[in-house]
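Q: Protein chains in written order, with my numbering: chain A, 17 to 318; chain B, 17 to 318.
Please note that a few of the clues may not be correct.
As the list claims (entries may be wrong) - Here are the in silico distance ranges between beta carbons for each label pair:
{"no.": "1", "chain 1": "B", "residue 1": "Pro266", "chain 2": "A", "residue 2": "Leu244", "range": "56 to 64 Å"}
{"no.": "2", "chain 1": "B", "residue 1": "Glu189", "chain 2": "A", "residue 2": "Gly298", "range": "54 to 62 Å"}
{"no.": "3", "chain 1": "A", "residue 1": "Ala222", "chain 2": "B", "residue 2": "Glu171", "range": "50 to 58 Å"}
{"no.": "4", "chain 1": "B", "residue 1": "Gly239", "chain 2": "A", "residue 2": "Asp61", "range": "38 to 46 Å"}
To be verified - Pulled from the structure, derived: some chain A residues nowhere near chain B, Cβ distances all over 10 Å:
{"no.": "5", "residue": "Gly57"}
{"no.": "6", "residue": "Gly163"}
{"no.": "7", "residue": "Ala188"}
{"no.": "8", "residue": "Thr215"}
{"no.": "9", "residue": "His225"}
{"no.": "10", "residue": "Leu229"}
{"no.": "11", "residue": "Arg256"}
{"no.": "12", "residue": "Glu308"}
{"no.": "13", "residue": "Ala309"}
{"no.": "14", "residue": "Phe313"}
No wet-lab data here; the hints were simulated from the structure. Keep in mind the model is a prediction, meaning the values are calculated, not measured. Note that beta-carbon positions come from the ideal geometry of N, C-alpha and C, so glycine has one too.
There are 2 protein chains.
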Amino acid sequence: MRYAIIGTGAVGGFYGGKLAHAGLDVHFLLHSDYEYVRQHGLQVDSCDGSFHIASPNVYNSVSDMPKADVVIVALKTTRNHLLAQLLPPLLHKETLVLLIQNGIGPEPELQKQFPDLYQAAGLAFICSAKTEPGRVNHQCYGSINIGNYSCKSAEVFNQMMTDFIGAGIKTAEVEYHEARWKKAVWNMPFNGMTVALNTQTDQLLANPHTRKLIHRQMLEVIGAAQALGVKNLDSSFADRMIENTLKMTPYSPSMKLDFDFHRPMEIDYLYTRAIAEAHSVGYSMPCLEMLEAQLRFIEGKY
Amino acid sequence: MRYAIIGTGAVGGFYGGKLAHAGLDVHFLLHSDYEYVRQHGLQVDSCDGSFHIASPNVYNSVSDMPKADVVIVALKTTRNHLLAQLLPPLLHKETLVLLIQNGIGPEPELQKQFPDLYQAAGLAFICSAKTEPGRVNHQCYGSINIGNYSCKSAEVFNQMMTDFIGAGIKTAEVEYHEARWKKAVWNMPFNGMTVALNTQTDQLLANPHTRKLIHRQMLEVIGAAQALGVKNLDSSFADRMIENTLKMTPYSPSMKLDFDFHRPMEIDYLYTRAIAEAHSVGYSMPCLEMLEAQLRFIEGKY
């Protein structure tokens, strides 16, 4: 199995690095870090044991890359418009594209452009950051839930799961919709609220008013998911997410980091599309719709 | 008729000043500006014609003040706990207390402490600010709607209305609940949203996302008011408020000014009590409840 990594950052650099470190055939697309990584390799500083890939297969153009059996897309969804150009050179008939991305709806959107594409969703539970060129800092967690979206080859899908597990990545298969919506239960409240109130997870939960609000927003996501037919998800999941977050160190979700570093925020896939999906079955999420509007305002202002 | 003014600031200084300028018997309670106004008088710079009261009746303690027929309370509601001490020396059996204040519920709260008190609500539509000691800057508008809450003397109430009109104040009598809730339709969205997003009215309406959100929040207030039995209020009022605000110059509502100048915000009367009132008849205002939580967070943080 040959792997291609599109987006060699905090997430793609970590999972791609783990696969390469395990001896798999991995090919990395890089942009700003290309020259540095070509010369110095890829460094992963990890709470689970650091490692260095001295001579990774690196490219600064997809036209130079070989076709892959699995393409891991770890771009921010704000750059998904690039996939129409980036993917074709990497695809053969049975290539599986794994989108390790936040939000609701990136697979159906991509499927519109590539109707026969095999796709899966990767929901990463990881704290990592790209701290400097060619260097990923993996602080904690690191597991991934993978949901099959449109992959018709059980062989390719299962081999990918086996490769992930073999590379020391805690990997589980989950139902696609359940996986995306469960992640949204945490993502939708915390990403936007840390931006809107310029704060971190711990502060939001320390204040009884915002803690109650976060819980209410989680129930809105759960209600939307249930209205959309997602199984194995009830209000107890909100309590569990709050409890888990209380145990975490103060945390800035990815949207907060994007905002702080003046990068575009993933409002579209994290909010707008999730809200539209819920509306499609007549379900409204008033507090998260308000949060979306506030984020759109903030986006336009800064 | 003798008038006492508690809170000689942007609002109390303006209306009390107008009454005194018209030759009525007005007695002003002052705090930080007492010495200055005693020596230099009260200056009202007004778009409708400026004037100066050279020797107003000023006091720095209610114990020195005469009993009044009308007590105008123009304190911020954040200081209403002071009324238990401030009012008694000023009251005779038929004294009418006019609360020119924002929010929902200051009259019932005060009635609990003074069960036999005659009260009315004054809803001021005015842009004014106290720019320096003893100086009120009245930029525009200035009308007041007055709703009888518990005044059993038509004579006192009507004489007050006549005095206001005679002093050149555009004054109308309105139904109490209708008046307070109609004001809340504008106040609840704009006060909190300008604080939460650190902006002004024009910017909130220039962005299509927040404009839609403001409209939705207005409909929440209208829905709550209707659930509470308020008459003459339907969704067209929201459209009218948006249209009127678009015609205004960029504006910072009083809560935004309080926030900017590190004064306590009127979250309790503008949000918490209005929300509780709506809940009492089973009505929920999700977006405004979210805004309240955000304001409570901001209040705790700064």
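Q: Hints broken by the structure, by number, lowest first?
A: 1, 2, 4, 8, 9, 10, 12, 13, 14
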